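Chains as they are written, first to last, in the working numbering: chain A, 1 to 335; chain B, 1 to 496; chain C, 1 to 109; chain D, 1 to 129.
The set of hints was computed from the structure by calculation and includes no laboratory data.
When the alpha-carbon atoms are kept at most 25 Å apart in a straight line, the in silico BS3-like pairs for lysine-lysine are as follows:
hint	chain 1	residue 1	chain 2	residue 2
1	A	K195	C	K38
2	A	K253	B	K109
3	B	K109	A	K254
Which chain D residues stay away from chain B? Per the calculated CB distances, all over 10 Å, these:
hint	residue
4	M1
5	F3
6	I4
7	I5
8	Y7
9	I11
10	I15
11	S28
12	I55
13	K63
14	A65
15	Q75
16	D81
17	K117
These figures come from a predicted structure and were not determined experimentally. Even for Gly, the Cβ is constructed at its ideal location relative to N, Cα and C.
Each chain, written out:
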Amino acid sequence: MIFGLDALSLVLILICAILALYIKDLMGSVIVFGAYSFLMCVVWTCNAAVDVAFTEAAVGAGVGTVFLVSTIYNTRRVDTYRKNRVLKQLFMFLVVCVVGSILLKTITDLPHWGDAQAPANTHVSAYFLENSIADTHVPNVVTSVLADYRGFDTMFETCVVFVAFIAIFALLRTRKIPAKDLTPPHTPVDSLIIKVASHLMIPFMQLFALYVVAHGHYSPGGGFQGGVILGASLILLAISYDFERALEYLNEKKIILFVALGVLIYAGIGVICFFLGGNFLDYSVLSKILPATDTIMARSHAMLGVEVGVALTVMVSMYGIYLCLSSNGRMDKGI
Amino acid sequence: MIEQAPILIVVTPLLAALFITIIGLYRPLYSWVLTIITFVITSIFSFITLKKVIETGTIRYMLGNWPAPFGIEYVIDHLNALIVFMIAVVGLIVAIYSKHDVKKELGDKIPHFYSLFTLLVTGLLGITLTGDAFNLYVLLEISALTSYALLALSKGRAYIATFNYLIMGTIGACFYLLGVGYLLINTGSLNMTDIFVILSNNPTSYAVLVAFLFIMIGMWIKMALFPLHSWLPNAYTYAPTSTSCLLAPLMTKVSVYVMLRMMTSVFNYNYIFNVLGWQTIIVSLAVIAILAGSIFALRQDNLKKMLTYLIVAEIGYMVGGAWLGNANGFTGASYHIIADGFMTLCLFLAVGCIIYKIGDAQISSMKGIFTKMPITMIGFLVGAFSMIGVPPTCGFFSKWYLISGAYEAQAWPFMVALLISSLVNAILFFRIIEVGYFQAMPNEDPEAHPKQQKYNEAPISMLIPLLTTAAILIGIGLYTSEIVTYLIEPFMDNFL
Amino acid sequence: MIILAIALIVLGLFFFFGTSIGILRLPDFYSRAHAAGKADTLSTILIILGCALFHLHQAHYDLASFHVMAKLFVIIGFVFIGSPTATHAIMDAASAAGVEHWQKKKDKK
Amino acid sequence: MEFIINYFNYIIVVIIMMIGLWGMLALSNLVKKLISMAIFQTGIILFYISMGAKIDSSIPIIKQAYDEHHHPIHQVINNADYANPLTQILMLTAIVVGVATLGLGLALTQKVYSEHKSLNEDEILESLS
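One chain only, chain A, in its complex shape (with noise of 0.2 Å):
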């Protein structure tokens, strides 16, 4: 809780969003937007959200940016067809401060900024606190919560994540070579320093990964950073050399394959839990297969076979949703 720091990247925060918004090079404002999340991590640090500033440091920040930018690569990178809309501009306006009124009116209504007796601090998540351990054996309690009080939510969540990659892959998948006016303009570089230094990087990439994967139980992370920062040193082996190198790993059935599979992972854990006598996703019930477990125990090693599933489908995921964008679904070269 550092008041100074939270309000003075509250306000750098303000100033880049207005000039996101203003710069008329998207690039610019694409770079601009990814400061702003950089400074959105900090405030999340400040108010005490580890896991929110490091999961929006790698998909907000990263992997969003890098989407953003493979879409003005495809595209058009500066829009030269000026309309006056200043009516429409005026009247949303309008309709903007009127939201922002009937918004400003509740503020007093609500608990002070940093009160641990609001209601909202003290009805259920402190369920969560005191209980954590007890039920659960876990003590980041956001991975407790996400992975097996809220289990259902983070299963939908997975779901979110590969209905976003089937449908950007139904869309954009083509086998068509494009017309000569829509092929970006310049071919990207090949350069032996970039391929040695991210030669160097991947692998300490992906084991940085998957320590935060598995140590989700006891520090800040979890299925969903780590399978981004997985998925991250995939998109770096793909921008470093090119695709033809990155698909030899991980080609299109295998990304599809996979994505599948994580949620499979997570939704037949739920099934077994059901097979075996409880409700959907108790874990409890996993102590009978589990050898030398009890009820407790097998709730927290449940947790970490979901989060690996979750890690799974979202590392494919951003891989894929990279490898369609950044090529416009042609999938041979990108950026």
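Once you've looked at the hints, dock chains B, C and D against the given chain A.
Below, chains B, C and D without anything else, positioned relative to chain A:
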């Protein structure tokens, strides 16, 4: 296994979507069969659940075996058991229907289409069943993302229309999320029943009002209530036929159901009608929606686009009925969810058949269609009569309840709007009958190819779903009193 | 020890300041990227080193704090490889895209 | 000053959401619309995270003491010592959903571009009519 039926309704299509994706890599044509099997199983499970709800009352299913406010729970009461059954049946019908159409329109993307299709239905089923406000958001996003993808799997103008839908849909979902945030900050809970209890005991603050307002606006955007409807007509018109057949009956109706759910089991019904007292404003909004939808529909020459504007008008029926604030109005609104679901489905299926054979849906190109495609037009007529409100189709009964609700609440404009809308529907559909039945085939000699000219029906896998839907429409109409007594009235006993 | 840590951090901040001035004042793309690439890497490394020492001091040199320091050193390694490579990639792309070099206004006389 | 500390985050939330909403509705470039969408979503995430903050609390990882057999020692956990985990989980979900929507939106943008050769809404509408 019977106790697990509520969750199996959702998990079966989810698992099936994954298997369709994997199997589709090697055997793309199996995905159609798999989808049908999935929906048969889902329908069976939802029927079991429906029966159990009628016998024993509300079922609560705790996921992960965590007690209610801490874990996520599924609450199945009389109304949503019925709606879930409807969704599963609509899914099954559209799945059977889609075989030829998908092959024609999508080519090598068949497994992805079916995978997204099943996931969309999964999302809608989950939205209806869940008893957790945030879980609802996640499922809402699943159904939204899949619907964007399915709508955009077409060509041409579909992309920009879907893009607008994506922007509007995200605003809607975000407003809903913001509303849930305001609820969380006031109550500290996400479980709907728990929130209901806490809000009933608390003096109502301005923040609760804002929570309600934002959830409602979010849902109104999602269901395309009149001033917020602009995304719907284009998105549905340029979509692939099977997609619009699936989305038009389900997406908007599920949003209406979420609105009803929020009004009855999250916020206090008494709070909404006696403390806030917005009903006059919102019923007038509904009146405007009905009138505007009807007028825009009159202006269209494209049959599919005309139907999309009729959806906008029908949304007005349901919103108005729910906000009349009496038992008849509420019965009408919830009955109309079911009735309108099947009505819209029937009409879109018929239009799909026409597009499959003729190539477009312009009314002017439908000359002589009654002699050419008689079976399709029988289905179309049943749907049209239901839309107009001719007994014994179900459209008549829902309108009856709505009108008596309006009479009870003395909401004369709403009553007049309902009647005008029926009249407009009659004009619209008789225009098509006029073109299709009384005007001869254009510029071709009927004696040259008598066989081909006389009879050129859509394939059998498209006709059977259409006729089944038509039969269901009449069936629902005949069993109205049973549906109302056994399903809607027990639901209303909870809060009225 | 704490003095050393503070000195390192201040030195790091000084280089950061230099970077900012360089980005603002230098004439063309390449020299700006050069300022960003070099001084930025150095100052990041210095600041992280300072933080590591500071943490050691705060935690009274126990085992856990050495663990933290090891992690920070890994970060330093990454910055040391990553930052110059990124600068190189940007420069390479700029040169491939044909961004002109700055010259002392020879031809404008 | 008291007022500002108590409500500063919420005020910023409202302003960020206004910027994002305005951008989504009023700007004509499709990519900018998507960027505003992401800004709007971060506004909501900030709202949730702010409501879960507690002054003088640490991150929600419980410092557990163990005995010599590595069994956890039972200890009383004070709710006010740790930040609220619930809002953080909800927002993890929201971030992932946000990036999924962004990806899909970008894919649609590319499709729109290959269809209409433009990223500007007005220009596309003009070419359609």
